[in-house]
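The lines below spell out each chain.
Number of protein chains: 2
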Amino acid sequence: MHQRTLIAKTFWLFSILAGAFLVMAAPGLAQGKAQDPLPSWNEGPVKQAIVSFVQKVTDKSGLAYVPPEDRIATFDQDGTTWVEHPLYTQAMFALDRVHELAPKHPEWKTEPPFKAILGNDREAVAKFTDADWGKIIGVTHSGMTIEAFRKIAQEWLARAKHPRFKRPYTELVYQPMLEVMQYLRTNGFKTYIVTGSGQEFVRVYGEKVYGVPPEQVVGSDLATKYAYQDGKPVLMRLPKVFFNDNYAGKAIGINLFIGKRPLAAFGNSTGDRQMLEWTQAGDGSRLMMMVLHDDGKREYAYGPAQGLPDTRVGTFTQALYEQAKKQGWVVISMENDWNKIFAWE
Amino acid sequence: MHQRTLIAKTFWLFSILAGAFLVMAAPGLAQGKAQDPLPSWNEGPVKQAIVSFVQKVTDKSGLAYVPPEDRIATFDQDGTTWVEHPLYTQAMFALDRVHELAPKHPEWKTEPPFKAILGNDREAVAKFTDADWGKIIGVTHSGMTIEAFRKIAQEWLARAKHPRFKRPYTELVYQPMLEVMQYLRTNGFKTYIVTGSGQEFVRVYGEKVYGVPPEQVVGSDLATKYAYQDGKPVLMRLPKVFFNDNYAGKAIGINLFIGKRPLAAFGNSTGDRQMLEWTQAGDGSRLMMMVLHDDGKREYAYGPAQGLPDTRVGTFTQALYEQAKKQGWVVISMENDWNKIFAWE
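Heads up: the protein sequence lines correspond to chains A and B, in order. The first sequence runs contiguously to residue 910 in my numbering. The second sequence runs contiguously to residue 910 in my numbering.
No lab work stands behind these hints: they were computed from the structure. Some hints here could point you the wrong way.
To be verified - Below, a sample of chain A positions facing chain B; criterion: calculated Cβ distance under 8 Å:
hint: 1; residue: P602
hint: 2; residue: G708
hint: 3; residue: K797
hint: 4; residue: L800
hint: 5; residue: I823
All C-beta atoms in this analysis are idealised placements derived from N, C-alpha and C, irrespective of residue type, glycine included.
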């Protein structure tokens, strides 16, 4: 009899607590959307693919369960988590740096590729080769300590504005992707940026913009040299590529820096193909997603997949589109799957 | 009156809870040592330096406070967290691999440096140059996928025994260092292994032995190549050094992989000098420690600092010893500061 009373009392207490919880949760339930971790995503198979995947790998009783320490998600940056048109943000930074440094380099007035930059010849800039960009990165990104470089990048990011959106580049981040990153972290994932852009550059704002700390930014990098300045050790940036984190480099970089295979990978261009292949080649449940820029009104439209304009920045070929479809990668249509692109919309 | 009663009741409830807590905590309090996070360290200035440093950087009201996300501690491995004599563990692994692979390489019988290894010529092995080791690492550590290499390393670690201690190498870990790592993690630090040994090799056992996951192992590495085997992507290990995480490479590797400067760094040889210098060059309170192997009875005695024998493995020069003293790095005497070296003692 005593035990029954205890159970009854416990049940009564539980009811009160549960009631209090429901009262507290009510505003969220009433609003509906407040409960949705992905409010900027339209309902449909693409959004469902994300939610189903997360439920599968976090369900302890399921066959696809993965312990938290192995929940790794990798995100390309340019074109996947923020705007990459008309030109990659770091390329814009490099071009601005050439203008800034020009007074000290009178020879640039007649020397390609600098001549085209200083003459604001957009057509010529659009046709720059990898060798041209190598020269530009060399003079704008090296010859200083890593701290000095971070300061230069930070100051530029604080004042530079995107030519079309007239906002700082760090505000041109895709809200749906921020939601996915947060949703994954809430579910025990470690989120990484795996970018062809410069590791030091992205680390300047990665924590603030994406919630991704420096040690979770994998990117391309110049070589550095250990030296002494006034008796103090410094790391000097050299005009020499140490690592190119693009194409096969993304799979190599993931293994090098993380040493674990991602469970989920997000990209948007041919430079991300190997990262997604590498992710998919693992056991169990994996999620591979590609952003298709098919929204010229709210953002940009380019491919050339699906008959979209063929541009040289962030190329998503038809062959890659077909590979994605064939291998079960989920293609995200910016136009159809995202009801909001930027937080400030 | 009602409020007073409520306070009285709450206080009464609190007393019961506090009492229960004290009863639960009592065995620990009674034993004394159970409360000490560093029981294998003898009391004295060296142990005190660790405790004071941790208290300083975690004290929110103090000037030296550092938020958890910036609490980075880096540990050299060979000679700092585990035994490196008579030869680095990974070198032992490489020598065993040469014996295993020999039947497929009849030419090794007459070809240096393999001839010396197959003939068990210890004197010749002790004199191997970097070029010799390059050849040995090339044939023993490359030509397979990263997964195949991990399996080979894992199997070797499971069966190999140290020539003097007759135990698996993974048991020859310094208990006092494990305690420091755990103590730092309990205080919000992220602990990294920063090793001249191979990153893939250490990642095989890093989590189990040190509690350090793969993404927190920074080490030397061979280049890898993205390829396809039966239509599946693989990363093949190439006979080419990609990164040498030793000397200046340790400071470079820390910046490359972590992107933050350590607050604390632990080493034991000339290969760790730049890591400690780089750590010390940061602002605020920092802890730099060097292990001196002065305990030939329980472990090994070598320097040549302080008149200890001069060996070629894990060199701690007198010049480095003097730099340590001059710059306020704490030198750990294995003989005097550690009451226990291995967990199984």
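Consistency of the hints with the structure:
Taken as an interface hint, P602 of chain A does not check out: its beta carbon lies about 24 Å from the nearest beta carbon of chain B, beyond 8 Å. A hinted interface residue such as G708 of chain A counts as satisfied when its beta carbon comes closer than 8 Å to some beta carbon of chain B; here the least separation is about 17 Å, so the hint is violated. Interface restraint check: K797 of chain A against chain B, minimum CB-CB distance 5 Å, threshold 8 Å, status holds. Because the closest C-beta pair between L800 of chain A and chain B is about 6 Å apart, less than 8 Å, the hint holds.
Against a cut-off of 8 Å between C-beta atoms, the interface hint on I823 of chain A holds, since the closest Cβ of chain B lies about 5 Å away.
In this structure, the earlier hints numbered 1, 2 are contradicted, and the remaining ones agree with it.
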